[in-house]
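**Student:** Bring the two chains, given one by one in their own frames, into a single complex with the hints.
Now for the letters of each chain:
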Amino acid sequence: MALISYPELAAAAEDVRAQYDQHRNEHAHFDELRHMLVRFPAALSAADGMYHRIMNEGHLGRMLREQIFLVTSHERGCSYAVAAHGRWLVANTDMSGTDVAALLRLEAVRGVSDRARALLAYTRKVAAAPYKIVAADLDDLYEVGWTQPEIVEALTVVSLSGWMNSYANSLGLQGSADRTQSAKTAEGS
Amino acid sequence: MALIPYPQLESLPEEIRGHIEHFARDHGRPTLLRWMLAWSPPASAAVDELYHPVFTTGKLERRLKELLFVAASEQRRCFYCMGGHSRYLVNNFGYSPDLVEKMRRGEPDDALDEREHALVLFVRIAARDGANVTAQDLMKVREQGWDDDEIVEALSAASQAFFTNTLAQAMHIEDDVTEENGFDGYF
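Protein chains in written order, with our numbering: chain Y, 1073 to 1261; chain R, 311 to 497.
Next up, chain R with everything else stripped away, as it sits in the complex (with noise of 0.2 Å):
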């Protein structure tokens, strides 16, 4: 159980209602940490800013952000984001929860070339603690052809994860539970 409680859907301003319904339409579910900050609509409002623009634009595809994602998350050890976004590659990008949780782990799959790899093992060492990060941890993801522009971006991942596990963890947000369409697993 969350260590504080949701505030009361009817008690919230209308747009931040409206965020938190027009997620649970989209998704079949409701977000519970969305549903936490609607106590601090500006915070409720930041993470509007945060989200969708960095993992939707930029020259990284989609589907490797969420990967460094939840490799950042599993690495941070906060079960909600990395659950959460682990059925979304599973949902999404057709991978199986096996391979998710071994990719997510840092382990080497031919579904994941090594170049990619290279990216995900970089964002875990940031993610752990980003003063580990070393000259030579970035030679290592430049020798694969990585550029800053694209590690800088990647590194968003690690960031963006530090942001919503702090929250998470800290309040004991429970897992989003429900999904109506496709894989339902919290792993």
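The following block holds chain Y by itself, in its conformation from the complex (with noise of 0.2 Å):
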């Protein structure tokens, strides 16, 4: 059970309301996590505006950001993430539940090019200890037709799931069960 209750959004201020319903209609990700931002909004806001930009524009493909985000998500230990993320894979793209599972251990997966995996493997070292990358990490992806904007990118979505990864691990989120069962809780049932 998540280790702070989550709040009642009846309470909270209209416009941090409307936030908060807003991109929960737009996506299903995260919504416990936005839900327990609502006690302090500014960072629900940035979270909807982050993650809207860095998922949504630029050179790499959403399917390829949100396999970053899953694998690095695992990488830092976030089952929360990894379910939301795994979920969307199964849902809007070809990936099966095995090749989620797969592609986590970075397994060769169809629909997966092997440039795609080089990328990921590199993103995967950068969440497990970004201080140890080194140029010779660069030189690989330089080498399979990576170029620097899209390892920027690629990097930006590592730090986006850093920040999810942080919030979520922190606070014990678990998923829409948690949630369910911590109302139960605050009603006393």
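Derived by calculation from the structure, the hints in this document are not laboratory data. Note that CB positions come from ideal geometry on N, CA and C, so glycine has one too. Certain hints may be false.
Unchecked claim - Label pairs and their computed distance ranges (CB to CB): (1) Glu1098/Y x Glu417/R: 41 to 49 Å; (2) Asp419/R x Thr1165/Y: 33 to 41 Å; (3) Glu1179/Y x Ser406/R: 52 to 60 Å; (4) Leu1081/Y x Arg372/R: 27 to 35 Å; (5) Arg438/R x Asp1211/Y: 27 to 35 Å.
Unchecked claim - Here chain R is said to cover these stretches of chain Y; the calculated rule only asks that three of the stretch's residues, wherever they fall, bring their Cβ under 8 Å from a Cβ of chain R: (6) 1106-1120; (7) 1125-1135; (8) 1224-1232; (9) 1236-1247.
**Tutor:** Now the structure itself:
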């Protein structure tokens, strides 16, 4: 169960509720985290703004961004984000649950090129210990055709997943069942 | 030297170049992280939506949030983020460099009351690995009078550190070394 109780949405300011509802309707990701961030509206707004831009705009495709988010969240042990992005990939691409599990191990998966896997391996290394990245890691990416703007974009996805993993892990978020349980506890049932 | 070369300023879209030049005018120095992020205009815009709203609004005062951020960055050993924001604490809040170093390591000092010190220690735990945060850790900060809204706000410092530390460390961003006014050290 989450370490902090979910705030009462009815008690939130109108503009905060509107912010929560607007993006809740746009995508189903991270509803529990966004609900918790109603406690600090600036972070809710930042999460929505960053997520929208970093996951949707730029050179890399959405599917690859989702895969980066998935793999880096797995590296940081954020089961909450892994579940959310795994669900997204199964629902919105040709990937099956088995494919997602294989991707977490960076194994060959249909529809995921070796070039993409090289980028995923790099982002996983960044998530594990960013200070250990060396020039040779980048050379490996340049060799298979990734460009500097694309690599920087990939890094921003790793950073965004870090932002969300940190919050989700620190708050002990687990998913929708967790929130239901939290509400029941609050109601004394 | 940074692992990825900085983009040519003159080749950047006007809006992005404007952000970098605006920062340089205000602070007397460029921000190397922002300059590097100019490779990705969406990311550059995303950082605008992150930093100022989170640091300048809410219940916790700016001084404390900056301190929480440097404590989180110290925990994660990000010299770029720790150095820039530690200098900000010296120049804007009158702390000595020695005191900032002590506070960000989570050591007690008269300059920091028990309540704030408890929050620094809590954020350092979250910055090391959020999965390590326990109900007992939360109890300790609640016992000091922090409510859950304030705790969620404090955790934004750890999350913010994850975001910028990752970029700065992975790209080996150099120190922002020039400060025209005030203390110019990087520590």
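**Student:** Confirm or reject each hint.
**Tutor:** Results of checking the hints against the structure:
1. Glu1098/Y x Glu417/R: 41 to 49 Å: About 45 Å separates the Cβ atoms of Glu1098/Y and Glu417/R, which means 41 to 49 Å holds.
2. Asp419/R x Thr1165/Y: 33 to 41 Å: Violated - the Cβ-Cβ distance for Asp419/R and Thr1165/Y, about 53 Å, lies outside 33 to 41 Å.
3. Glu1179/Y x Ser406/R: 52 to 60 Å: Cβ of Glu1179/Y to Cβ of Ser406/R: about 53 Å, so the range 52 to 60 Å holds.
4. Leu1081/Y x Arg372/R: 27 to 35 Å: The hint (27 to 35 Å, Cβ to Cβ) holds, given that Leu1081/Y and Arg372/R are roughly 28 Å apart.
5. Arg438/R x Asp1211/Y: 27 to 35 Å: 31 Å, holds
6. 1106-1120: That given contact holds, which follows from 9 residues of the region 1106-1120 of chain Y lying within Cβ reach (below 8 Å) of chain R.
7. 1125-1135: It holds: at least three residues are needed, and the region 1125-1135 of chain Y offers 5 whose Cβ sits within less than 8 Å of chain R.
8. 1224-1232: Three-residue rule met by the region 1224-1232 of chain Y, so holds; n is 7.
9. 1236-1247: Held - the region 1236-1247 of chain Y has 9 residues with a Cβ nearer than 8 Å to chain R, which meets the minimum of three.
In this structure, the one hint that does not hold is number 2.
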